[in-house]
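Protein chains: 2
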Amino acid sequence: MKQDNLSYKMYLVTDLFGGTEEELLGKVEKALEGGVTLVQLREKEADGKEFYERSLRLKKLLDRFHVPLIINDRVDVALAVGASGVHVGQDDLPLKVVRSLVGDMIVGVSVRTVQEAQKAVEDGADYIGVGSVFPTSTKLDAKGITKEELIEITESVRIPAVAIGGITAENIEKLNGTGIRGAAVVSAILKSQDPKKAAEELNEKLVLQ
Amino acid sequence: MKQDNLSYKMYLVTDLFGGTEEELLGKVEKALEGGVTLVQLREKEADGKEFYERSLRLKKLLDRFHVPLIINDRVDVALAVGASGVHVGQDDLPLKVVRSLVGDMIVGVSVRTVQEAQKAVEDGADYIGVGSVFPTSTKLDAKGITKEELIEITESVRIPAVAIGGITAENIEKLNGTGIRGAAVVSAILKSQDPKKAAEELNEKLVLQ
Ligand code: NI
Numbered sequence: 001m002k003q004d005n006l007s008y009k010m011y012l013v014t015d016l017f018g019g020t021e022e023e024l025l026g027k028v029e030k031a032l033e034g035g036v037t038l039v040q041l042r043e044k045e046a047d048g049k050e051f052y053e054r055s056l057r058l059k060k061l062l063d064r065f066h067v068p069l070i071i072n073d074r075v076d077v078a079l080a081v082g083a084s085g086v087h088v089g090q091d092d093l094p095l096k097v098v099r100s101l102v103g104d105m106i107v108g109v110s111v112r113t114v115q116e117a118q119k120a121v122e123d124g125a126d127y128i129g130v131g132s133v134f135p136t137s138t139k140l141d142a143k144g145i146t147k148e149e150l151i152e153i154t155e156s157v158r159i160p161a162v163a164i165g166g167i168t169a170e171n172i173e174k175l176n177g178t179g180i181r182g183a184a185v186v187s188a189i190l191k192s193q194d195p196k197k198a199a200e201e202l203n204e205k206l207v208l209q
Numbered sequence: 001m002k003q004d005n006l007s008y009k010m011y012l013v014t015d016l017f018g019g020t021e022e023e024l025l026g027k028v029e030k031a032l033e034g035g036v037t038l039v040q041l042r043e044k045e046a047d048g049k050e051f052y053e054r055s056l057r058l059k060k061l062l063d064r065f066h067v068p069l070i071i072n073d074r075v076d077v078a079l080a081v082g083a084s085g086v087h088v089g090q091d092d093l094p095l096k097v098v099r100s101l102v103g104d105m106i107v108g109v110s111v112r113t114v115q116e117a118q119k120a121v122e123d124g125a126d127y128i129g130v131g132s133v134f135p136t137s138t139k140l141d142a143k144g145i146t147k148e149e150l151i152e153i154t155e156s157v158r159i160p161a162v163a164i165g166g167i168t169a170e171n172i173e174k175l176n177g178t179g180i181r182g183a184a185v186v187s188a189i190l191k192s193q194d195p196k197k198a199a200e201e202l203n204e205k206l207v208l209q
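Residue numbers (full-length UniProt numbering), protein chains in the order written: chain A, 1 to 209; chain B, 1 to 209.
Incorrect hints may have been included.
Since the list gives no way to pick out one identical chain from another, each pair is judged satisfied if it fits inside one copy or across any two copies.
DSSO-like cross-link-like pairs, simulated, lysine-lysine; straight-line CA separation at most 30 angstroms [claimed, not checked]:
#1 K44 to K196
#2 K191 to K9
#3 K147 to K60
#4 K96 to K49
#5 K96 to K205
#6 K49 to K174
#7 K119 to K60
#8 K119 to K9
#9 K49 to K119
#10 K49 to K59
#11 K147 to K196
#12 K143 to K174
#13 K191 to K96
In short, the hints are calculated from the structure, not lab data.
Every value quoted in this text rests on a predicted model; they were computed, and no experiment measured them.
Required output: the full structure, derived from the provided sequences and hints.
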């Protein structure tokens, strides 16, 4: 699915944060009402069956809002549920392999350097996730990159770049003017008491060129 | 790949046991010389990239012996490396989904009851793995089944059944007469000082009807 009208602006990445799936779906629904444009389901612990079933339920919700579902890491799950795309990191299946498996599905890849960004383009990525822009504890191994590095990366490729890592209402404006096409957010929305308002606020503060 | 001449008799399931990949490949090569007929790569900890790369190296070795490679759990990895098949448990992607993704690849599924075995057949499995026949610590959650249950299961389906779980040279003969078409072995081969001899001995002691 190459969606030319696809917006990466407010990209929600899920995390159960020790809660239930029902709680997660409730929060995601609020976040969608608040203007989230894309949702990635990330499941680092779940077995395949659980991942698959949660993906189906999340997709059903997203379909109501016409918001695309991106599956993290498990290409088979993405294919199985008919997701709009798949997102892989540098330690996941190689991008070229992913592309060969998914045809024209959206494929995103996490990068930290200009070299990785350019390799992503070469290997067929539709977008890159760049981070961690504000190092956080969500991903313990997420290495930080500076604002200058972020700009260098966004300028080095023609595909959309999405910033990720520790983005909150307090720091998101620092990303304005960096050339990104969107911000990927986890805690700032899902840990908020009011995910709808949180998404709206983040959306407002992020100004894309 | 429906291989009518496929033998499930001596089915090696891998485990690194804390060793290196090089050590594993060395042991698998010896085991192949000892008559292993099928190899499953099981990676519960590895990231996608590592799983993929190890699969490619293992497949290269198996191809020399014309022995099929079965990938555990990750259907995407199986597709990516052109494996002969994929094996899933009850907590992995549902069998029907797996079948729809892999076409005519060999698909195996772990079962513990007649009901699960018959469901496996309905959902398109090519073979079933039945166990744990001799409960062990390799899979901490493996529940034991009795010899009578094993016989009941093998008699309930027409597809090949492979016994798994704690099978050693000391107990493999107890499986004779149960209607299985093979034994899946991990430690008894890979923890042996002489994997070739271990495979030969197991192979000799297991008498299929
Ligand atoms: Ni499409």
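Review point. Quick one: K191 to K9, C-alpha cut-off 30 angstroms, is that within a copy, between copies, both, or neither?
Key: within (19 angstroms within a copy, 53 angstroms between copies)
Review point. Which holds for K49 with K59 at a C-alpha limit of 30 angstroms: within a copy, between copies, both or neither?
Key: Intra 15 angstroms, inter 26 angstroms, cutoff 30 angstroms: intra and inter.
Point to revise | Intra- versus inter-copy proximity for K96 and K191 (alpha-carbon distance at most 30 angstroms) | key: neither (35 angstroms within a copy, 36 angstroms between copies)
Point to revise | Intra- versus inter-copy proximity for K196 and K44 (alpha-carbon distance at most 30 angstroms) | key: within (25 angstroms within a copy, 37 angstroms between copies)
Check your understanding: Is it within, between, both or neither when you check K96 against K205 at 30 angstroms Cα-Cα?
Key -> neither (35 angstroms within a copy, 45 angstroms between copies)
Exercise for review: Could you place K49 and K174 in one of the four classes (within, between, both, neither) given a Cα distance threshold of 30 angstroms?
Suggested key: neither (40 angstroms within a copy, 34 angstroms between copies)
Review point. Using 30 angstroms as the alpha-carbon threshold, which applies to K119 and K9: within, between, both, or neither?
Key: Result: close within a single copy only, 23 angstroms intra versus 45 angstroms inter.
Exercise for review: Using 30 angstroms as the alpha carbon limit, work out where K143 and K174 are close: within a copy, between copies, both or neither.
Suggested key: For K143 and K174, the Cα distance is within 30 angstroms only inside one copy (18 angstroms; across copies 54 angstroms).
**Study point:** Same-copy or cross-copy closeness of K147 to K60 [CA-CA at most 30 angstroms]
**Key:** Neither: 37 angstroms inside a copy, 44 angstroms across copies.
Point to revise | Intra/inter-copy verdict for K119 and K60 if alpha-carbon distance must be at most 30 angstroms | key: between (34 angstroms within a copy, 27 angstroms between copies)
Review point. Between copies, within a copy, both or neither: which fits K49 and K119 at Cα up to 30 angstroms?
Key: Between. Shortest inter-copy distance 16 angstroms satisfies the 30 angstroms Cα cut-off; intra-copy 32 angstroms does not.
Check your understanding: Between the shortest in-copy and the shortest cross-copy C-alpha distance, which are at most 30 angstroms for K147 and K196: within, between, both, or neither?
Key -> Result: close within a single copy only, 28 angstroms intra versus 57 angstroms inter.
Hint compliance for this structure: hints 3, 5, 6, 13 are not met, and every other hint is.
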